Structures are given as C-alpha cells and as structure tokens.
Amino acid sequence: MQTKFGSASEPLIETSALTKRFGSVQALTELNLRVMPGEIYGLLGPNGAGKTTTIKTILGLSEPTSGWVKVCSFDPVKSPIEVKSRIGYVAENPIVYDSLSPRDFLEFVASIRKTDQAAVNGLVGQLASAFDMASYFDSPIATLSLGMKQKVALIASLIHQPPVLLLDEPLNGLDAKSSRIVKELVSFHAQKGGAVLFSTHIMQVAEQVCTRIGIIYQGRVIAEGTLEELRGKTEGGGGTLEEVFLKLTHEEDEVADTMRMLREAFFKNEAK
Amino acid sequence: MKPSEAWRLSRIPYREMVYRSLAEERGRMWWGAFGRNRPGKEAQDDLELTKRALRIAKFDKSVVAVFNVIVSLAPFASLFLGGSGFGLTSAISLSLAVTFGFTTLYAIQTLSSFMSPESSALLSTMPLERDDFSLITLFSFIRSFDYMVIGAIISQVALVAYLTASPTATLIMLLASAMNAVFAVAVALWFSRIFQRNMLRGGRSKANTALRLFFILMWGLLLVGVGFLFSLPWYIVPNLQSTLLGAGHVWSSLLGLLYPFTSGIIITGAVSSSVTFATILLACAAMVGYGLLAVFAGKWSLGTVRRVSQGAGVNVARVAARDFSVKTRGPLLGYVYKDLKAASRNPATAFFFALPVLETVIITLLDSNFGTLRTVLVLVGTSLGGVFALFLPLALLSAEGKGLEYTKTLPISPRRIVVPKALIATATYVPVPLALAVISLFKPLTSPAAILIPVLTTLAVASASVFEIKLFLRTAASGKIASVINDFEKLTVGMLIILVPEVAYAATFLATFNHAFSLSAMGGAALAELAVAFYVLRRS
Numbered sequence: 001m002q003t004k005f006g007s008a009s010e011p012l013i014e015t016s017a018l019t020k021r022f023g024s025v026q027a028l029t030e031l032n033l034r035v036m037p038g039e040i041y042g043l044l045g046p047n048g049a050g051k052t053t054t055i056k057t058i059l060g061l062s063e064p065t066s067g068w069v070k071v072c073s074f075d076p077v078k079s080p081i082e083v084k085s086r087i088g089y090v091a092e093n094p095i096v097y098d099s100l101s102p103r104d105f106l107e108f109v110a111s112i113r114k115t116d117q118a119a120v121n122g123l124v125g126q127l128a129s130a131f132d133m134a135s136y137f138d139s140p141i142a143t144l145s146l147g148m149k150q151k152v153a154l155i156a157s158l159i160h161q162p163p164v165l166l167l168d169e170p171l172n173g174l175d176a177k178s179s180r181i182v183k184e185l186v187s188f189h190a191q192k193g194g195a196v197l198f199s200t201h202i203m204q205v206a207e208q209v210c211t212r213i214g215i216i217y218q219g220r221v222i223a224e225g226t227l228e229e230l231r232g233k234t235e236g237g238g239g240t241l242e243e244v245f246l247k248l249t250h251e252e253d254e255v256a257d258t259m260r261m262l263r264e265a266f267f268k269n270e271a272k
Numbered sequence: 273m274k275p276s277e278a279w280r281l282s283r284i285p286y287r288e289m290v291y292r293s294l295a296e297e298r299g300r301m302w303w304g305a306f307g308r309n310r311p312g313k314e315a316q317d318d319l320e321l322t323k324r325a326l327r328i329a330k331f332d333k334s335v336v337a338v339f340n341v342i343v344s345l346a347p348f349a350s351l352f353l354g355g356s357g358f359g360l361t362s363a364i365s366l367s368l369a370v371t372f373g374f375t376t377l378y379a380i381q382t383l384s385s386f387m388s389p390e391s392s393a394l395l396s397t398m399p400l401e402r403d404d405f406s407l408i409t410l411f412s413f414i415r416s417f418d419y420m421v422i423g424a425i426i427s428q429v430a431l432v433a434y435l436t437a438s439p440t441a442t443l444i445m446l447l448a449s450a451m452n453a454v455f456a457v458a459v460a461l462w463f464s465r466i467f468q469r470n471m472l473r474g475g476r477s478k479a480n481t482a483l484r485l486f487f488i489l490m491w492g493l494l495l496v497g498v499g500f501l502f503s504l505p506w507y508i509v510p511n512l513q514s515t516l517l518g519a520g521h522v523w524s525s526l527l528g529l530l531y532p533f534t535s536g537i538i539i540t541g542a543v544s545s546s547v548t549f550a551t552i553l554l555a556c557a558a559m560v561g562y563g564l565l566a567v568f569a570g571k572w573s574l575g576t577v578r579r580v581s582q583g584a585g586v587n588v589a590r591v592a593a594r595d596f597s598v599k600t601r602g603p604l605l606g607y608v609y610k611d612l613k614a615a616s617r618n619p620a621t622a623f624f625f626a627l628p629v630l631e632t633v634i635i636t637l638l639d640s641n642f643g644t645l646r647t648v649l650v651l652v653g654t655s656l657g658g659v660f661a662l663f664l665p666l667a668l669l670s671a672e673g674k675g676l677e678y679t680k681t682l683p684i685s686p687r688r689i690v691v692p693k694a695l696i697a698t699a700t701y702v703p704v705p706l707a708l709a710v711i712s713l714f715k716p717l718t719s720p721a722a723i724l725i726p727v728l729t730t731l732a733v734a735s736a737s738v739f740e741i742k743l744f745l746r747t748a749a750s751g752k753i754a755s756v757i758n759d760f761e762k763l764t765v766g767m768l769i770i771l772v773p774e775v776a777y778a779a780t781f782l783a784t785f786n787h788a789f790s791l792s793a794m795g796g797a798a799l800a801e802l803a804v805a806f807y808v809l810r811r812s
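So the protein lines, in turn, are chains A and B.
272 is the number that my numbering gives the last residue of the first sequence; the numbers go up by one with no jumps.
812 is the number that my numbering gives the last residue of the second sequence; the numbers go up by one with no jumps.
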C-alpha cells in the first residue's frame, strides 16, 4: 500500500544499534527504533535520558559513534541534504534568527527549501491565523515570547510539508489553544502517511498524542509499544503512563524516598 | 544604601548589559561544534568563553577610552606643531565636537542593550528599595562610558590649563567638557530608545528602513571623521580659526552661538584680546542656554534610566501584519537577503555597512591630492580599501549568531553559508574601482593598465572573504569555539590574500619595469587565489 510519502510498509525513521558517546559520557546505547508511516512515536524519558541526542543524530547534526540511522532510506551521515529536506524539525528551545521577523524568517526557510510560493503562502496564512500571529508577524523574533517563538518554529517545520517530523518538546511555552492545534496538526500529518517522532517528558502529552511510545532511559529504549502494551509490561498491569513509566524505570521507590525526605525537611521547622 | 555599596552592586547589571551586547555582536560564540558537542566540555568552554568575553569587553572599553583621549587631544596638536595662527578656539571646538561624536556612537552600541529591562531583571526580583534599585541601575548605566568620558574631560581640561595657565579658562573648559559628555550620553540614550522602539514595534515601514540607513550613514560619517583626524591639526584647525575670529564679520560672531564653538570662543576671550566683546557676549548668552539644555538633558537621561530600571523603558504598540504572505526566492538570494537583514538590524553589526563609504572617501581623497594617478598610489589605495571590506564577512558571521544552529538543520551545504557573505563583502568593495574609474577621467594615469588594478583586487577580496569564512567554519567544526572570539587570525589571512596580487604586481614591475607584465602577474595571482577559493568551496 502506498501513502503520500511512499510505501506504508517501509519505516520512515529507522535506527539500528545506534550508539553515541561524548567523551566519557555514554549518551545512547544500541538504540533501535522504527517509526512507520502514519505513526506518532512518542519518545518518553526523563531529563538527560538521550531524547534530544536521538533526534539530533537522526537529523544528522550529531554523528553516531556506531550503528546507523535511516530517514526515508537515506543515511544522514552520507546524504545530509536528502535527509534534511525530508524532515521538519522543532528544537527543544526554539532556535531562530532573533533579529528577523517571523515573516523574514519564514521567507528565508522557504527560499532555502525551494518551496513553491503559492503553496507556502496558503499554508503559512492558515497556520499564522490559527496561531493568532497577526500582531507579531512583523516584529523581531527577539521580542517574542517563548510560545510565540515556538509557533514560528512549528510553522517553519511544516513549510515544506515533509514526510518526517522531529518534534523535541514542541509544546514548550504554548497556551492551551495552540497546544491543541499542534496536537491536531500532528495527527493530520500522520493521517496523511507521515511519521512523527515526538519527544516529551510529559506523560499526559504522550498519552494523548502518540500512537506508540518508546521509553528511553539512560540512553536505551527500555520498553516500547502502545499505552496498553506498556501497561501489560508492568507487574500490576494498570495505572497511568506516569505510573507505568516509574515502574519500568524502577524509579518508583526512589521517588517515594525522595518525597519522604523532602517532606521531613519541609516541615522540620514547623514540628519544632 | 551607601553609594559605594550601590556602585559595587551596579557591576552585576552592567556585566549583564555588556554580555548581552557582546552576545548580540558575537553570537557565534554559541555556534557550538557543528554536531560534535561534548556536553561537559561545552559547558566548560562556555564558562571560559564568558569570562574571556568580559575580559575582552573591559579591554575594548579601555582601548576606546584611550582612543577618545587621543581624539580629544588631536585638535590641540596644531598649537604644538606651529600651525598657522593661534588655534585655541577651533582646537577646543573641534575637540568637543569629535569627542561628542565618538562618545555618542560608542554609547549607542552599549546602550541598545541597556534599553532592555532584562539587564536588571535579576536585581528587580531582590528585596531592594525602589530608590536603591534606581541608584544601582544609574551606576550600571554610568559604568558603560565612565572611562571614555572621564578620560576626555581630564585631557581637555589639563590641556587648556597647560595652554592658558588661567583658572577661569580651565573652569570653563571643565564645565564645557562635562556638558559635552551629558549631551553625548543623552543623544545616545535617545537614539538607542528610538532604535529599540522601532525594533519592538516591528512592521515593514519604509521609516524603519530609512532609520537603519541613517544609522549606517552616521557611522560612515564618523569613520570618515576619524579618517580626517590627522588632518585636524595641520589644515582644519588653523583654517577654522581664521573663519571664527579672523574675519570679524557679523556672521562669524554668530558662529559663537553654535554649540561646539561657544566654549572655544569664551575660553579664548578669557585669555586673549583677539575676540571682540560682542562675540564674547553672544557666546556667553549661548553658553547659559546650553547650560540649561544640559541640565534638561541630564534630568531626562536620569529619568529615562529610572524608567528603564523599573521596567518601563520603552512602551510600544505592535504593528499588526496586514497579511501573512511570504516571498520565496532562490536559496542563494534568500540567504543574501537574510544576511543583509540580520546584520543591518543589529546596531552592533550595522555600522560595518558604513565601511564602503569610508573606503570610497579615502580612495577619492588620497588620489585627488595628487596631480597624476601613480600606479603605486592605486596599489596602496586599493589594498587599503580591500582591508576595510574584510571586516564585513566577520560582521555577517556575527549577525548569524545562534540562528546558525537552525540553519544547520536545513538542507544546505556549508558552501551556501560562505558564498552569500563573500558576495556581499565583494559588493561593498565595488565602489572602489568605480571611484577610481571616475577619478581617472579627470586625472592622468602613469599607466592606463592601472585602472584594472582595483578590478583584480576585487577578485582578491572575494577570495579573501571565502577564506575568512571557511577559516571560521573550520575552527568551529573542530570544537574550538573559544578561538572564534579572536578575529585577528582571520583578518591576517584575509589581508595576506589581498596583498599577494599587489606584491606580484610590484615585484614584476621592479624586475621588468613593464606595467603590462606586472598587471598580468597580478591577474595571474588573483585568478589563482580565486581558483583555490572555488576549489575549497567545491569541497565544502
């Protein structure tokens, strides 16, 4: 079966035994990942687990120490241009040109990506209206709030309608309405046959948005599947994603101990 | 709070302000290692880099202060060099004028960051009295120009005291220098406010573009003024002196009403009988007016600083976009537009676009002083212009800042980053061959072939720009982000590349005494450099 972006049976993102070391720091260890067309894959993990490193390696910004990555069958190390032209990326902290306005920035991105003007204008117009950007569209990005910068980055990631979206904490700083819009956009993208790698550490977001979730911990994917499948992997077999996550990462006891210590410290003076 | 304590605390917002200004100008500090970052190392590098950046800022501030002292003293040099006539009036007037210009333009660079309340955001969360907080902010504001203002005041006052041996004249000079500093800072603050307001408001108005062009032109004029610095003692001061005092016409007395001349006339009047009573009277009346204006400017500045410290520096309404249309271009043109916009909107990098004005003026003045356009003159003039053009790629790299992190995620080769900047830098050099071509219409050349020298130098400028940028990218790629602070290495390489074809010309001429051969050698060297630059680009 074919989708807009190619065969439905071929993964759009694939990593095999992906390992990344920064000096003595082991960021990723033998990471295996497959994101199929139409999938929204949630990469869930605590801070420093390796989510951003995974995304940067897939994008080709970071070279793997060993193992390999394929995006739409292209290797980001050997064919960086092909890979980057098939990806829409939103960074954890939106990186944009501060002195440019959103309009200038989008013009720059659209020019580099050689997109069709009419198609870009249609898409940008709709997205900018949806995100209520009229008052900010010609203001320097440096003067915008975090949420507004995130919206600019999101529009830029969609401007060329790529098959693959790499979204690193894309809801950072967004208000409820915009968050909802982004979740819907991600869903539309998957319905069209695109693949989304959605990194987050917020369980509720992963529960609401993702069709499959990979729990990454200390650079390894320790569990993978739908929410139901993940629940089945824990002893009790139930609970929220947060509870499942804490069980799988064996952090449940640690969190309980920490909370007990904090409670004692917090109420120490009052007890006296 | 004691003023000494407030002065000590003011170092925190001041350092933040300097750092922000530096971060804008030297945004490439955060470019990282092009995908080869090491988390621990990176953080350590950033810390070292921050310390180093602040050390450089302090050094820059000291150098600027020393330069300001030299600038303030230069007009007085005619009095020691035996320039025609007693030039005290014009020396004082010009000294005040140039220090005013230089202080203003330097302060604009720093105060643009000051206008943002973010510089004192941390302090504003502390349990400080409102007055104490205002005092700290005021001191942090003063720290940004203290060295240069104090240096200029001391040097001007000391020199007038030495030259006149008159306490009255010295006192008037002290008053005039202080007023001058107040005016300069107030104008800088006013201009920074406008710049910040326009930045915040955004919009696509022609007025914004005109403001940026005006700013760039102002920098160009200042640079030209600096170029004239060495002409001050010999030509300008004596001539102005005779205009001010020699003619005795009513209009020359009226010059005493104009700001920079007022103080000079009063001081000269206090120690010499060469000034008419009417002129002194008019100047004194004007001085009282300027004194009142200085009090007003000082109060306005303090009020503005206080408002900034309270987070009410600039209040503006944003201009709503009428449509969301986006104009797409080819990748190269898109990048050129982006580079031009990013660099021209930042006060710290915008002034580099003024360099072509300076290049052209210098070449024109240099050549117009001679009856015949000698080849050696053309060689010197064109290479000098080329050196100025080399600052532009570095300014464009500065303007990239953190944005390059985003560009790295786009389907773009490093070549695409280099070529637009090299093209812009080369384009700014084009006025030089054009100016020479125009001059050659009026003045004979020792060799007609000399007209091609700047054309060939244009090729060398293109090659030098490519190598400068490539050198930066290579340094960044190997992870040595700290080294990118220092532009000296890149400039040196760029200058050498520009000089090689010139040296080829000179050496061949010395060997053959034939301009055609020399030009061929120069062309060969310039083309060879360009070929290497293309090769390097193709490998990117």
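In short, the hints are calculated from the structure, not lab data.
Owing to the predicted nature of the structure, the values given are computational and were not obtained by experimental measurement.
You may find that some hints are simply not true.
[Stated by the list, open to error] Not the full set, but computed from the structure, chain A residues with beta-carbon under 8 Å of chain B:
id	residue
1	95
2	124
3	137
4	202
5	246
6	249
7	262
[As the list claims (entries may be wrong)] Simulated crosslink set (DSSO-like; lysine-lysine; CA at most 30 Å straight-line):
id	chain 1	residue 1	chain 2	residue 2
8	A	192	B	274
9	A	70	A	177
10	B	674	A	70
11	A	4	A	114
Don't be surprised by glycine CBs; every beta carbon is placed ideally from N, CA and C.
Each hint tested on the structure:
Taking 8 Å as the C-beta cut-off, the interface hint given for residue 95 of chain A holds, the closest approach to chain B being about 4 Å. Interface hint at residue 124 of chain A: satisfied, since its Cβ lies 5 Å from the closest Cβ of chain B, which is below the 8 Å cut-off. Interface hint at residue 137 of chain A: satisfied, since its Cβ lies 4 Å from the closest Cβ of chain B, which is below the 8 Å cut-off. Checking residue 202 of chain A against chain B by beta carbon gives a least distance of about 23 Å; that is not within 8 Å, so the hint is violated.
Here the hint on residue 246 of chain A is broken, as its CB sits about 25 Å from the closest CB of chain B, past 8 Å. Hint on residue 249 of chain A is violated. Least Cβ distance to chain B is approximately 21 Å, over the 8 Å limit. Residue-level restraint check for residue 262 of chain A is violated (minimum Cβ-Cβ distance to chain B is 24 Å; threshold 8 Å). Straight-line distance between C-alpha atoms of residue 192 of chain A and residue 274 of chain B comes to about 67 Å, which puts the hinted pair past the 30 Å bound.
With a C-alpha separation of about 34 Å, the suggested pairing of residue 70 of chain A with residue 177 of chain A is violated against the 30 Å cut-off. Pair hint residue 674 of chain B plus residue 70 of chain A holds up; C-alpha atoms about 28 Å apart against a cutoff of 30 Å. Annotation: proposed proximity of residue 4 of chain A to residue 114 of chain A holds, straight-line Cα distance about 19 Å (limit 30 Å).
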